Structure formats: structure tokens, C-alpha cells
Amino acid sequence: MRGGGLWQLGQCLSRRIAQSKPGSALKPRTFAAAPAAEPAELKKTALYDFHVENGGKMVPFAGWSMPLQYKDSIMDSTLNCRAAGSLFDVSHMCGLSLRGRDAIPFLETLVVADIAGMRPGTGSLTVFTNERGGAIDDSVVTKVQDDHVYLVVNAGCRDKDLAHIGAHMEAFKKKGGVVDWHIHDERSLLALQKSVHTFNDFPFSEILLLVFSSSSSKSNVERLINCVMVGVSILYIARTSYAIFYLKYRKAFVVGFALLCHHFTLPALSHLPECFSYTGEDGFEISVPSEKAVDLAKAILEKSEGKVRPTGLGARDSLRLEAGLCLYGNDMEQHTTPVEAGLSWAIGKRRRKEGGFLGADVILKQLEEGPPVRRVGFFSTGPPPRSHSEILSSNGEKIGEVTSGGFSPCLKKNIAMGYVKSGLHKPGTEVKIIIRGKSNDGVITKMPFVPTKYYKPS
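Going by UniProt numbering, the first residue of the sequence shown is number 1, and it counts up by one from there.
Careful: at least some of the hints might be erroneous.
[Stated by the list, open to error] With a straight-line Cα cutoff of 20 angstroms, these simulated EDC-like cross-link-like pairs (lysine to aspartate or glutamate) come out:
| id | residue 1 | residue 2 |
| --- | --- | --- |
| 1 | K175 | D102 |
| 2 | K173 | D185 |
| 3 | K173 | D161 |
| 4 | K426 | E401 |
Just so you know, the hints here were simulated from the structure itself, not pulled from any lab data.
All of these numbers come straight from a predicted model, not from anything done at the bench.
Build the full structure now, drawing on both the sequences and the hints.
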């Protein structure tokens with residue numbers, strides 16, 4: 001029933017997306033919390049026609065019409081991402097920039113990351129918290145410069161996130177703080193995920209030459225730099241007096257810019273950024289003006305010679321589950337702290353000492369004394385576990401609840417995440433999962449379920 005399991009996953013995702021309700025729908029960097037709009041109200045990304053032309057099965061998702069899958073099955077798409085590569089349209093997510101002398105001090109009042117301590121051009125996953133220490137949303141934040149921060153928030157959390165940031169910004173500015181923001185609705189966002197071993201041979205330079213002008217005039221160089229902004233702490237191109245500074249993350253990508261503006265200086269910075277992706281594979285996100293999004297997507301697929309394939313929400317969900325990553329609204333919500341969610345690593349060392357963010361008293365106490373519940377991963381027998389399935393101890397006591405689960409295309413068995421009482425969270429602990437009234441054996445295990453392949457600079 002392996003194939004049937006993936007078919008059931010696809011059908012389940014379709015139902016969950018179409019029937020989403022506030023607080024219960026899929027909502028991470030890919031899925032969102034907002035209820036599905038009526039078909040006539042659905043927004044379309046700049047890549048909508050591209051999705052349809054490539055066989056995308058479009059479904060309502062967080063107010064957008066997004067591809068659940070393409071011609072490939074969810075299983076095949078998942079396996080292809082692990083073996084070769086995938087291209088995702090994540091333009092429904094909200095990218096925004098904070099600028100100003102106090103941009104970083106302001107943002108640090110709302111999130112747990114040590115942004116001031118980041119090197120320019122690097123970034124991290126972080127969490128917006130409320131006064132009770134609960135998670136308002138998770139976000140990837142990139143420190144562009146000391147007075148410029150770029151971040152991406154979830155599509156389903158957009159309205160509440162912007163209202164939250166805006167209200168606190170107004171109060172901050174009334175006290176003399178200097179910060180402003182810009183929401184990048186004019187841009188599209190593509191996520192390219194590939195095996196770390198194949199990235200070095202990827203023809204980035206040819207892709208850039210196909211999409212952007214090959215002229216090396218100053219005006220075109222400026223236009224190019226303004227057109228391509230790579231976030232998620234992987235690569236950021238900044239312009240100062242027409243000199244291009246870059247992070248030497250991918251030599252081939254840098255060569256592409258060198259071909260376009262060969263008469264300018266290209267000094268390498270002494271440090272390398274860290275990688276983050278929502279699949280567990282190596283990768284990055286590319287923010288481009290929406291009018292260039294289709295050209296860029298086509299160029300990436302063409303130059304990959306069929307290895308990189310367009311991939312939808314279904315495979316993205318199974319990929320993130322295999323990587324043991326939180327799905328906001330399922331695995332983390334407003335009553336869940338970062339410590340309980342297993343995201344203590346996202347709380348900067350300086351922030352642990354100084355606090356200064358909403359709910360710091362609750363979170364810092366949990367760091368010291370331990371949380372009451374913890375997010376864990378587990379394997380199970382029987383049908384794939386689903387959200388809200390009860391978790392029982394070996395003696396029948398309810399100790400927690402499943403938050404995400406499904407069949408793993410890579411491991412060929414059921415995997416799931418959920419919360420259990422502290423003290424019963426150790427790997428190897430045997431549990432029972434209640435699915436449709438029947439008890440199924442399970443065992444808590446370490447995460448990620450599938451080893452991650454993030455690029456690590458040497």
C-alpha cells in the first residue's frame with residue numbers, strides 16, 4: 001500500500017487545503033493558516049500560467065491558487081528533490097525589508113534571534129513571540145547590512161504579522177526610533193532545492209545570461225543587481241559605487257555576474273553564509289521582479305536538463321516532515337514556545353542573557369528549568385498518523401498528541417511529529433498512537449528522519 005499511502009496523502013492535502021479553517025490549516029514557510037477563499041477571490045502568483053502549462057494541479061491555499069502537484073506523483077516529486085532538485089513557487093509568502101538606524105534593535109524586540117550578532121549577508125530561522133512566549137509565526141531573517149534586514153513570513157500569517165509589526169513599529173518610532181519598512185509585493189519568490197553534490201555543476205551563469213541583459217554598461221549592471229536578490233542567508237549582492245560585493249557561496253553564480261559586469265571589481269568577502277531550506281536539501285530562495293519570474297523559472301528548468309522539476313505543496317510538505325521541520329499552525333502555534341517546539345537553537349546566546357523580546361521571561365525560564373512538553377518525532381505502524389491523533393504511554397496514559405504525520409517516500413514507512421510530556425520524550429520510548437479508534441505501535445526517534453544535506457562552508 002505504499003503507492004496508496006502517497007495517494008491518500010495527496011487526497012488528504014487536497015481536503016485540508018480546500019477546507020482550511022483559521023488555526024487548523026497547514027501553515028509553514030509553505031502552508032498557511034488563512035481560510036481558503038472562494039475561487040473567484042483567489043490570488044494568482046506571476047507563475048500561475050507557468051504552473052498550468054506544466055500540468056500543475058491548482059488548489060486553494062491561504063487565499064492563493066497554488067500547485068498541489070504537477071504531472072509527477074507526490075512520491076516521485078519528493079524523491080526527485082532528494083536525488084536531483086526541485087523548483088518551488090513560494091511567491092505567496094510575504095517578503096519585507098526593514099531599514100533605518102534602529103531596524104535591528106526594533107526587530108529584536110519582536111523575535112528571538114541575535115540579529116545584531118549576525119554577519120552582513122547571513123541569516124537564520126527565527127520566531128516572532130507574544131507576551132506569553134508563544135509563537136506568532138516563524139520567519140527567516142537575513143541581515144543585509146547594519147541598517148537593513150530582509151525577512152519572509154508565512155502567507156497565512158501575513159495579515160496578523162504585518163499588523164503586529166506595524167503596531168509595534170509605530171510605538172517604537174514615537175519613542176524616537178528610526179525604522180521604516182517596505183513590503184515586496186512587486187517581487188516573486190522562487191525556491192531552488194538541489195542535492196549538495198550537484199549544485200557545483202549547476203549553470204548559474206548561463207541562467208543569468210538567459211534571463212538578464214548581457215550588456216556590461218553601468219545602467220544594466222545596476223538594473224541587474226536590483227533585479228536579483230537572493231535571500232535566506234545564502235547569497236546577497238550589494239552595490240557600492242558600482243563595485244559588486246558578493247558572498248562566495250557558489251562560484252558558478254558569481255561567474256555569471258562577472259560575465260555581465262567583467263570590468264568591475266569583484267572582491268570576495270572573508271566569510272561564508274549558512275544555508276537554510278525547507279526540505280532538508282541544499283538550496284536558496286531567489287527574489288526577482290515578478291515580470292522576470294517566468295523567465296527565470298524556465299531558464300532553471302531548461303539548463304538543468306530535466307533534473308530540476310517544478311514541485312508543488314504536496315511534496316514540499318512530505319520533504320519538510322522528513323527533515324523534521326515545524327509546520328506553523330500544526331507543529332507550532334500561539335500557545336507553543338520555541339523551547340517546547342525544539343527551536344531553542346534559534347534563540348541567540350546574547351538574547352538568552354539579555355532577553356528584551358516579548359515573552360522573554362517565560363522562554364528564559366523554560367530554558368533554565370525545562371518545558372512541560374516537548375516536540376518529538378516517531379515511527380509508527382498501521383495507517384499514517386494525522387494531526388490530533390492521541391499519543392499514549394505504554395501503560396495507556398495519554399501523554400500527548402500528533403501534530404504532523406504521513407508516509408515517508410524516502411524511508412518507506414510512517415513518520416510523525418507531536419508533543420509529549422517532558423520526561424517521556426527520550427528516543428526509544430515506546431508509545432501507542434490512536435488512529436480511527438485503534439491503537440498502533442510507535443517509538444520516539446531522533447529528528448530529522450532523513451539526514452539533512454545543507455551546504456557547510458569548509
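Hinted pair, alpha-carbon criterion (20 angstroms max): K175, D102. Please report holds or violated.
holds (12 angstroms)
Agreement of K426 and E401 with the hint, judged by alpha carbon distance not exceeding 20 angstroms:
Holds, because 16 angstroms separates the two Cα atoms, which is no more than 20 angstroms.
Holds or violated: are the alpha carbons of K173 and D161 at most 20 angstroms from each other?
The given pair, whose Cα atoms are some 18 angstroms apart, holds under the 20 angstroms limit.
Holds or violated: K173 with D185, Cα cutoff 20 angstroms?
Since the Cα atoms of K173 and D185 sit roughly 24 angstroms apart, the hinted pair is violated (cutoff 20 angstroms).
Checked against the numbered hints listed earlier, the structure breaks hint 2 alone; every other hint is satisfied.
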